[in-house]
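Protein chains: 2
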Amino acid sequence: QGNSADGQSKSASCAACHGANGKATNSIYPNLAGQNAEYLALSLHAYKKGGRSGGQAGVMQAFTASLSDQDISDLAAYYASLAPLK
Amino acid sequence: QGNSADGQSKSASCAACHGANGKATNSIYPNLAGQNAEYLALSLHAYKKGGRSGGQAGVMQAFTASLSDQDISDLAAYYASLAPLK
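Protein chains in written order, with my numbering: chain Z, 1 to 86; chain R, 1 to 86.
Mixed in with the good hints, there may be bad ones.
To be verified - Computed cross-link-like contacts, DSS-like style, restricted to lysine-lysine with a CA-CA straight-line distance of at most 30 Å:
hint, chain 1, residue 1, chain 2, residue 2
1, R, Lys86, R, Lys48
2, R, Lys10, Z, Lys10
3, Z, Lys48, R, Lys48
Honestly, the hints are just simulated from the structure, not real lab data.
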């Protein structure tokens, strides 16, 4: 089970691309605010295992390499908790 | 350039999992409403080329196999145009 507050404290390096409020700073990156926590966790695990290539997959694989399962659950819970922005 | 109205007419098979309004019917699928069009197109091309594995990648690869570049741009424009839902 992810802890959203812990996720926020772990999200500093994510904010550069995904925005402090989960709205991406560039439209080639996904907005994360209000996304489904389970899907977010699945995606982070996929990047970590090298299951995604193309686009920014290389960058994401580098960022996720050091994340524990709990880190992933916390980050997923945090971004899912944010109100989606238009 | 994607055409959102054309995208809507091509989105029937997407709605089963991603919802008629772009809010996924299951939390292991991503919500698409209000996502960045460029990111959506990158993702669809990645699935089509087999650049993603794990989770529902196999299903997505099957769905995207028959999509043209214009179809992908139209679908991306359509889902990006929808108001994100909490």
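Hints, verified against the model:
This hinted pair checks out: R:Lys86 and R:Lys48 have alpha carbons roughly 29 Å apart, not beyond 30 Å. Our distance criterion of 30 Å between C-alpha atoms is broken by R:Lys10 and Z:Lys10, whose separation comes to about 39 Å. Restraint check: the Cα-Cα separation between Z:Lys48 and R:Lys48 comes to about 21 Å, which is no more than 30 Å; the hinted pair holds.
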